[in-house]
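Take the given structure of chain Z and dock chain C to it, following the hints.
2 protein chains.
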Amino acid sequence: MKIDRQRLERSIADLGRIGETKNGGLTRLALSDEDRRARDLMVEWMRAAGLRVTVDRMGNIFGERAGAEPLPPVMMGSHVDSVPTGGKYDGQLGVLCALEAIRSLNDHGIRTRHPVTLAIFTNEEGARFQPAMIASGVMAGKIALEDAYNARDRDGIRLLDELERIGYLGPEPCAPRPLRAYLELHIEQGPFLEEEGRSVGVVEGIVAIAWSRVTIHGTQDHAGPTPMRTRHDALVAAAEIVLGVRRMARDIVGGDMVATVGHLAVSPNITNAIPGRVTLSIDVRDPLDATLDRALLMIERVVEDACTREGVRGEVEHYWRVPCTPFDAAVVDTIERAAQACGARHRRIRSGAGHDAQYMATLGPAGMIFVPSRGGRSHCEEEFTPIDDIEDGANTLFLAALEFARGK
Amino acid sequence: MKIDRQRLERSIADLGRIGETKNGGLTRLALSDEDRRARDLMVEWMRAAGLRVTVDRMGNIFGERAGAEPLPPVMMGSHVDSVPTGGKYDGQLGVLCALEAIRSLNDHGIRTRHPVTLAIFTNEEGARFQPAMIASGVMAGKIALEDAYNARDRDGIRLLDELERIGYLGPEPCAPRPLRAYLELHIEQGPFLEEEGRSVGVVEGIVAIAWSRVTIHGTQDHAGPTPMRTRHDALVAAAEIVLGVRRMARDIVGGDMVATVGHLAVSPNITNAIPGRVTLSIDVRDPLDATLDRALLMIERVVEDACTREGVRGEVEHYWRVPCTPFDAAVVDTIERAAQACGARHRRIRSGAGHDAQYMATLGPAGMIFVPSRGGRSHCEEEFTPIDDIEDGANTLFLAALEFARGK
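From first to last, the protein sequence lines stand for chains Z and C. Be aware that the first sequence starts at 729, since it is given in the working numbering, and climbs by one per residue. Be aware that the second sequence starts at 729, since it is given in the working numbering, and climbs by one per residue.
Okay, chain Z solo, but in the shape it has when bound (with noise of 0.2 Å):
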């Protein structure tokens, strides 16, 4: 049995046109219009599929096909907001399989033991507001409905009132709820699928992750008349932070730790103002937990020694943490073996990326299949995976979501 390529390929063009840009990438913010847009489509096809459609007061989309039995839910899922001049395979393409899993089975007219459930998870990506993956934190207990609505985004807009704004505001409860199993397929985002030529990464957990977020007080002064030797200027010891952590990561801790200034804000930012206050943040991150504590402290000490060389007070805070997630050893096996049926050139792997299955595994068995992206790259316009490689990933999907729900 095996899904649709070729409406699996309509889809993601259909779903991908909203938000797009014009170097073909997609923007598309977490409960911005395009995200209103994208929903709106998705509950379209949802309810085409014949599912019960429901949404959370996260604004979590949830799309039930009835098993034969009152069991727990196999559920399949993932996002479909994306980062600022991102990619239209991040999120997309998890929802999107899961999608044609359920078409797949209409089309077989295989009736399931337990339900199979497609989910649509709010904010994954962080780009909006913060935390990333707010809604699945939600649901997940881990972060409180109240924090998460008073979340804000650079114009002070709250996640509430754009969830209302937009029509997501839904009335079912975010909260746990029994599972059968979560599947969650998507992009690699990294380079090893496609350099060791494989379709399907069969991954076995999430690294640990932690957001850290730097304040630089420095002296705002005037760039022409204050002389080199009095100057205290916040940027100056951002700039060292930069270097810092990129030195930390790749030459002292070594292995497989990442770390990533990605934002950073300077204030008056102009031509001829000495920077007096910088922010920036710092993502880090590891597969061991010990080793990602070792890297906070490393980089407390990075931000002192900035700060003490350019006479400027530095701020650091750590404020979100997830710990590395192990995935079920049972789904880890299965979508090995889905794979394995299906034909894909598989292999295990480990996400680098946090991802919503990381909330969920702590309210049931997960797991998540991978596909490869081109150059390893994503989070970008340029982000893009083979319909040849979805394909195999989408098999994958449907076979381990289909022994789940066949419940033997």
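Where hints are given, some of them may not hold.
Quick partial rundown of chain C residues pointing at chain Z, CB under 8 Å, derived from the structure [what the hints assert, rightly or not]: (1) Pro-812; (2) Gly-869; (3) Lys-870; (4) Leu-873; (5) Glu-916; (6) Trp-939; (7) Ala-951; (8) Val-964; (9) His-991; (10) Ala-1001; (11) Thr-1007; (12) Ser-1009; (13) Ala-1081; (14) Gly-1104.
Quick caveat, the hints were computed from the structure, so don't treat them as lab data. Virtual Cβ for every residue (Gly too), placed ideally from N, Cα, C.
Leaving out everything else, chain C in the frame of chain Z:
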């Protein structure tokens, strides 16, 4: 003969309330609503002082006190726009001391041979529209009117449209005009006068200034699954450039050079994306044009080295340059005599900041008077000059203007 210290102090306080920040600083961006209100108040005061007010095509405001003979005027002026979260003295003080000098001429019933004109120049700071001193630049014939009109702020709003919106698109040509002398009082914005306990700086000239723009094109990618070995991070290269510019100014060139990265913008600027693009500004100043030439070459090498190391592409654009401006020897001598006459503790000094006086010096004999900046600080809310020093500066301006206006 002296100016009226209390009246001057009141005017400083009154004008300083327009655009006042909650920490007692000033945000009065060029051609904003705050700028309009400050202009309106100045025009009201100028008319009340009997001046004939005209506005030119760049929104420069002139208030003329008639002379006994149809001779070129003695012009005093500065600007009323500020940087974001700037101070209440930069620009504003020069305009108000000039107004006070004219009010004092009225008080003493003095009829001068030359007219005496108060000038308020548009967009001196360059914080909203670039380049800085755009309107005196047009007046001096160094910047085309059309280019100035098409300057856009960060929101893409054109200077011309804002001039029109706030009602300061005047009918007078913005063109060279004969001048007996141009005198500008301004805060020093550096530490020297305060360090030496002086109240007045007799400015001999302005350093050469160059502004460059650097764009770094890296590879935008996901911060999680992208291994350190495959990254081309635009912000890492930018950080090396920030530190390279600092090293150049402080260690390599030495002497009086200053160099600043004041503006830096990251794209997409989110926590979990490797920065794909960074733009940054470099402001370099030196008393010697030849040293500045050398510095610009060194900057190109700094950018090239940083980009090569990170495997990114960098572009450098040297887009604005003003040569070193020596002020007219007779004006400098006159100001020095005036400072002496009113008992100010004075010294000769060089300006590290650009001022409208720079362009006015190409139209006639020009000079400047500095008053101290507490802690050498400016372009910040903490900007402050003691009223005793302001009084010395205003009296120096008054006496120097009087000497030229009397035409002795």
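The hints, checked one at a time:
Taken as an interface hint, Pro-812 (chain C) checks out: its beta carbon lies about 5 Å from the nearest beta carbon of chain Z, inside 8 Å. Checking Gly-869 (chain C) against chain Z by beta carbon gives a least distance of about 23 Å; that is not within 8 Å, so the hint is violated. Residue-level restraint check for Lys-870 (chain C) is violated (minimum Cβ-Cβ distance to chain Z is 18 Å; threshold 8 Å). With 8 Å as the threshold, the beta carbon of Leu-873 (chain C) stays out of range of chain Z, its nearest partner Cβ sitting at about 23 Å, so the hint is violated.
Restraint check, Glu-916 (chain C) versus chain Z: the minimum CB separation of about 6 Å is within 8 Å; hint holds. Because the smallest distance between the Cβ of Trp-939 (chain C) and any Cβ of chain Z comes to about 6 Å, under 8 Å, the interface hint for this residue holds. The interface hint given for Ala-951 (chain C) holds, since its Cβ lies 4 Å from the closest Cβ of chain Z, which is under the 8 Å cut-off. Checking Val-964 (chain C) against chain Z by beta carbon gives a least distance of about 5 Å; that is within 8 Å, so the hint holds.
Evaluation of the His-991 (chain C) hint against chain Z yields a held restraint, the C-beta minimum of about 5 Å falling below 8 Å. This hint holds: Ala-1001 (chain C) has a C-beta 5 Å from the nearest C-beta of chain Z, less than the 8 Å allowed. The beta carbon of Thr-1007 (chain C) is not positioned within 8 Å of any beta carbon in chain Z (closest approach about 11 Å), and the interface hint is therefore violated. With a cut of 8 Å, the hint placing Ser-1009 (chain C) at the interface with chain Z holds, because the nearest CB-to-CB distance is about 4 Å.
Interface hint status for Ala-1081 (chain C): upheld, as the beta-carbon distance to the closest one in chain Z is roughly 4 Å, under 8 Å. Satisfaction of the interface hint for Gly-1104 (chain C) is found here, the shortest Cβ-Cβ separation to chain Z being roughly 6 Å, below the 8 Å cut-off.
When the structure is compared with the earlier hints, violations turn up for hints 2, 3, 4, 11 and for no others.
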